[in-house]
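**Q** Residue numbers (my numbering), protein chains in the order written: chain Y, 329 to 723; chain V, 3 to 225; chain B, 244 to 459.
Quick caveat, the hints were computed from the structure, so don't treat them as lab data.
Treat each hint with caution, since some may be false.
[Unchecked claim] Dumping the calculated DMTMM-like pairs for lysine to aspartate or glutamate here, alpha-carbon to alpha-carbon at most 25 angstroms:
| # | chain 1 | residue 1 | chain 2 | residue 2 |
| --- | --- | --- | --- | --- |
| 1 | Y | Lys458 | V | Asp119 |
| 2 | Y | Lys436 | V | Asp124 |
| 3 | V | Lys86 | B | Asp419 |
| 4 | V | Lys86 | B | Asp248 |
| 5 | Y | Lys458 | V | Asp124 |
| 6 | Y | Lys529 | Y | Asp355 |
| 7 | V | Lys17 | B | Asp317 |
| 8 | Y | Lys500 | Y | Glu445 |
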Amino acid sequence: MISFERVTKRYPDGTVAVSELSLVAPDGAITVLVGPSGCGKTTSLRMVNRLIEPTEGRIAIDGVDVRARPAAELRRSIGYVIQHAGLFPHRTVVDNIATVPRLLGRDKRSARARAHELMALVGLDPALAKRYPYQLSGGQQQRVGVARALAADPPVLLMDEPFSAVDPIVRKGLQEEFLRIQSEIAKTILFVTHDIDEAVKLGDRIAVLRAGGVLAQFDPPDRLLAEPADAFVEQFLGVDRGIRRLTFYPSDGLSLTEAPVVAADTPALSARDAALAAGTPWLLVVDAGRRPLGWADPAALPGEGPIGRARLTGFGHAFAAGTDSLRAALDAAVLSPTGWAVGTDADGRVLGVISQEAIAAAIRAAHAHESKSAEQQREEAQPQDTAAAPMEQAR
Amino acid sequence: MNLVNDIRAFFGDPKFHSGYDSIWQRLAEHCWYSLIMIACAAAIALPLAFLTGHTGRGDGPISALAAVGRAMPSLGLIVLLAVKIGVFSFYAALIPLVALAVPPILLTTHEGLRAVDRSVVDAARGMGMRPMQILLRVEVPSALPLILSGLRTAAVQVVATTTIAAVISFGGLGRYVVDGLFEYDYNQVVGGAFLVTMLSLATLALFALLSRLLVSPGLRRRD
Amino acid sequence: MSIFDLPSYIQHSYLGLLGEQLKVSFGATGAGLLISLPIGQASARWRFVYPPVLSLVTIAYSIPSLALFVFLVDYFGLTDTTIFIPLTVYSLAVLVPGVVDGIRAVPPEVRIAADAMGFGPARRYFQVELPIAAPNIMAAVRVAAVSSISLMSVGAVLGNLGGFGELFITGLRFFDQRLVWLGLFTLFALGLLTDVALRGVQRLLTPWADRRGARA
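Go ahead and model the full structure; you've got the sequences and the hints to work with.
**A** Okay, structure coming up:
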């Protein structure tokens, strides 16, 4: 747990980088500091490992003031990842990763063995161990940077825009990989980014800072998207926050209908008659493995042959019911030329289809349910907060 | 072909085969003096440049010093010291040569340290390296190619200028050039010039070898 | 007698030495620049050219000046050419890397934009690449010119070839401190003035350069 208690950083020329910042980054979670440039997010991060000393206030890790130990010793117990990785150009990948264990006095052999474990953890090919940084791609360098920060198994990790310098596709891969690693290691992570999408994707809790290092809002991502504290946060979140928030709603509550799904070897004629009788406007044709092939218009079906031979309209993309979010389901429906989204199981087999209207109804229901439970939570949380305050002072 | 004949005649001359004026004697003298001077210059310049480069202070004074060093004629300084404190004095040659070898080492080492990627130094600090560890384990190894090139420039310059110091009766291979001119013995002049050229090229080769041995392959990029 | 009056055993007057000094050292720097421009251009364009070129100029630079003067006396006698050639060769060790760095400093998108606007190769070189490379090149020219001035004095060891270096050798022979000081002062002042003047030229050539935070 990293706690900021009324932390202020003022420079000799009078500029205030961070102003009375108070927040708690909980154990085992990713806490993201996000905001426009000049909002003091990097300064706040660097005060944790004392690369910058605060002017006022106190920063503590698990209740112990960071100033209780010599700076170098403190830093060895905190992982640190930066934008351009900052790999040592004269050391091989494995020796870069082994840096902190070596600083802590571990012998070369065991430090290197540890480095190899970490390479596996962050998904680096063992063949890269003897390479030098300039021989790696940007994404690989960043993985080495993460491995190096984890080498001494620090409980706390500070990450300063670690994925900002790589191209969007590599960044997406790194972010997913990072979430996978975090699910294994469960470190207490403080993560700085200027990218709100990255913050929403990675953060368990998000602190939005505004210019001058003032905390604008500190909430979990879905709450942030649902209830921006003020106009600044709302503008910073962007216009489609409503859609983005759907990422946090599961799609498992959607009721898919199987009626329009037909196998490719069904005779076209009987499929048409059945559809017209039932009033089904579109038919989803699937192959023998129940993978979607495309939509067929019953009125335009040929009089003979299997339906798989007919001219089919593309279905855009399918969503995995239960694992994907409501956002993915809605997106699938919006992209589908028929207005119906195709839902599949985790292996891509069609479970059924659902219309835009049905998804919209599900969204409204989810919102209604949420605002009710949020109110309850707030009522329950109130007395707890006041009870915690005296304890804080006592410590 | 004249030069080849001159050099051959010089090496064949029994006068230079033994005694205080023998080729080996002069060569050893030249190497020894050069070594002392480079060691002195490095002992002054390297710690200073480590300090300025690490702290990032002194850009202005150091480049000014380098400019002054370039503008200073070495022959003039040597002669000045000789008329001030006397010929035959070791210091009359030592002081100006060391003084002129300091700026190139200082400048390239300083710039080498300054050129180390800031994010690399930041990472080193963030991982808990102490200032001395950052300097010796990160900054100096990263700047080593430039540091060695500064030392090489200084060494080559010292080898060349030690030759010139022969005009104030300093030993070394320059003796052949200066004595030969005085004695109108052109073979000796050319022979001395040839030897000092070879020594200079050997210095260059030595530094190429040193950089092979000392510089991390991670820094040896294309071009 | 003014301090600039030279004793009769020096064949030149002060102004005569000055003319000699400037002619040879500036001439050599100018010649070095003319040679290094095409070499640098080729080295910047074809990657494989640069390493051997760089090794070659570094090796040439490492030949002691006195030795190189001695070798050339055999071919050109005690003439200006004997000094001029080594000074030109030495200047290449500074100028070639300067030109290469300068041309490499031209952003590729600027080159592409110039092509897109229809610049021919020659026009692109003179109107786009050379001006953008100018700050780097001029920095190298300053170093080369100042070094040439002080290096030339070594020629005096061989005879009447060293410009103001003559004052050092004569000063040593007659133990005349005044001459040595005069030589030192003059050469140092010349170096300094040259540096300042070339900075001025650079300012005139590149009025667009952003000098905020520029290092000396």
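**Q** Please go over all the hints and tell whether each is borne out by the structure.
**A** Consistency of the hints with the structure:
1. Lys458/Y x Asp119/V: holds, 22 angstroms
2. Lys436/Y x Asp124/V: Given that 25 angstroms is the threshold and the Cα spacing comes to 24 angstroms, the pair holds.
3. Lys86/V x Asp419/B: holds, 10 angstroms
4. Lys86/V x Asp248/B: Holds: Lys86/V and Asp248/B sit about 22 angstroms apart, inside 25 angstroms.
5. Lys458/Y x Asp124/V: holds, 24 angstroms
6. Lys529/Y x Asp355/Y: Holds - the C-alpha atoms of Asp355/Y and Lys529/Y are around 19 angstroms apart, at most 25 angstroms.
7. Lys17/V x Asp317/B: Holds, at roughly 23 angstroms.
8. Lys500/Y x Glu445/Y: holds, 24 angstroms
Of the hints listed earlier, there is not a single one the structure fails to meet.
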